[in-house]
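Engineer: Let the hints inform the model, and build the full structure from the sequences given.
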Amino acid sequence: MILTIDELGKRRGGKLVLAGVRCTVDAGEAVGVVGPNGAGKSTLLAIVAGVLARDRGRVELEGHRAGSLEAQRRLGYVPEAADPPGHLTGDEVVALVAAVKRATLDPADRASLRLDEVAALRVDRMSLGQRRRTCLAAALVGAPRLLVLDEPTNGLDADGTETLLALLQARLASGAAVLVASHDAAFLDRLPARRLELAPKMPTAGS
Amino acid sequence: MYRVTSYAGTWARVVGGAAARRAVPMWTAVAVLAAVVFGGTGMQPGDLTGPATRSWRFGGVLVASWVLLVIPVGRAILDPRGSAYLRALPVARWRRGAITAGIAVAAQGPWTLLWWLGAGAAAGAIATAGAAATMLAIAEVADRIVWPHRTPRWRGAIRAVIGAHVRVLRRERGAALVRAAGIAALGGALAGMIARANQLAPAEAVWWVLAVGAIALPMAVGALALPVLDTDRKLDWLLRTSGCSWPARVLAAGVVLAAVGVALAAVAAGTCALVGRASAGTAAGQLAWLAVLGGGVGALALRVGAWAVVTGDGSRVVIGMAVVAIAGFVAIGVLGVAGAAAVAVIGASIAASVASPRGGEAPP
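Note that the protein sequences, when read in sequence, are chains G and R.
Residues 1 to 207 in the numbering used here are what the first sequence lists, from first letter to last.
Residues 1001 to 1364 in the numbering used here are what the second sequence lists, from first letter to last.
These are computed hints drawn from the structure, not numbers from a lab.
Computed from a prediction, not measured in an experiment: that's the story for all the values here.
Where is the CB? At the ideal position from N, CA and C, for every residue including glycine.
Treat each hint with caution, since some may be false.
Stated by the list, open to error - Here are the computed lysine to any residue pairs in the SDA-like style, where the Cα-Cα straight-line distance is at most 20 Å:
1. 1234/R - 52/G
2. 1234/R - 79/G
3. 1234/R - 1248/R
Said to hold, decoys possible - Chain R side only, calculated, beta carbon under 10 Å to chain G, not exhaustive:
4. 1149
5. 1154
6. 1230
7. 1245
Structural biologist: This is the structure we're talking about:
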């Protein structure tokens, strides 16, 4: 079991966003978090990634509490509004994550994400798709056990989406897991991803 | 006629606004330094301009310090935000050039005042025109410099985060860095001038440079505290999801600001030694104690910046660094050179407390 979410609850700004969410993700499995806007998809992913605290419940990555350093070293995360500092170049963003994780980016992943095109380009001068590819490359550093991706196809062209699919399928085949929030049903079908459906302000049980 | 006048007014507002945003903090810093130098010692403007015309060494340091201070203003004037649309309109370039030149001259205000009061109106006009022209020429060249790109090879989280901070300071806050160097150079030159004019003993010369540094360094370093913390905030999700601990991030930000403080102290010590014609022993003492003071001021800037970020009020950096300046000045007044060590020790202790609100590695 790579990811365990049990009775997860979260309030934001006095509003109930998540209640009683349960889900497990096994090695080699992809789970697509779906639901209308405001259902709490991004909140759920941010909690799993450890950038947002939960109010109640349990979230663990291979037995380590979400947000702990042990858990963080096992995941790669790309938020929906992935926005690294604009003054850094593409390869500096990746080098920063590589230095923190003491790991490297697989040259095959680097090539398929065409990182060399944006290596010397500052983030604030990149297109949305280039920025997204850079953040994906940073998330893939160290071949994490769990990839947490929030609307990963936003800003990607058709080729970029195909590349992403191939990358994720390769990661799944190698025994990693993927938790992905997306409005793109076709993308989730092709991954393929089991669905975890969230409803706004409603206590929802996962799989 | 109506159309051209209207265009000129709009262009003047765009360029003048850009110049004012860069010039006002610099003018304020110069005013505070001038209050210390002219208020505390009874020196007159002529005591600066006179030696500056007679000694190439002092004159060169004074001019270089001023030009360093105004280069950021020149860069803002040459490429003001939101000016692309105005440049595209069919208006003769000389009209824009004349307005830009006028604003470049106006930006030299304190420099004009110093030379006018110290050496007369003609000297004031020559000094102003020379400084404005030099400022625009250097700013024009600086804008064309393209730095080569190298893929970094960072080892470990702390070095990587330090590398990211250094890049933001160099690429995004070059103006603040240059201005800080200018303030430090000017402060050092004034302290050297005081030492030389009063033929101070080595121990007194060290005390004076520390006293001036206690005022100049917080102003110089303070402007860089918010950019460093802003970079840390923007890197937050990337660093946290990569497993970078909070203490490592605090240490990296503290090292960067302390290093900036030490580097600015070295600039101040250099101009002080050059102008004051200090012996090697005196210069080494000034450098060592100023470096201790600069490191402490950098550490305190981290705490002050964090306070401003937490409260969402950037003006608290000004208030906080003013408190640091006053406290440092008093410490040096009461304890002498040991006051610099006290600032360093207190600064390191207080900077370490930035870690406590987040509870180490715990998520927020």
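Engineer: So, for every hint listed, does it hold in this structure?
Structural biologist: A quick look at each hint next to the structure:
1. 1234/R - 52/G: Judged against 20 Å, a Cα distance of about 15 Å means the pair holds.
2. 1234/R - 79/G: Given pair residue 1234/R, residue 79/G holds - Cα atoms ~13 Å apart, limit 20 Å.
3. 1234/R - 1248/R: Holds - the C-alpha atoms of residue 1248/R and residue 1234/R are around 16 Å apart, at most 20 Å.
4. 1149: Hint holds; residue 1149/R Cβ to chain G Cβ min 4 Å, cut 10 Å.
5. 1154: With a minimum Cβ separation of about 4 Å from chain G (threshold 10 Å), the hint on residue 1154/R holds.
6. 1230: Holds. Min distance 8 Å.
7. 1245: 6 Å, holds
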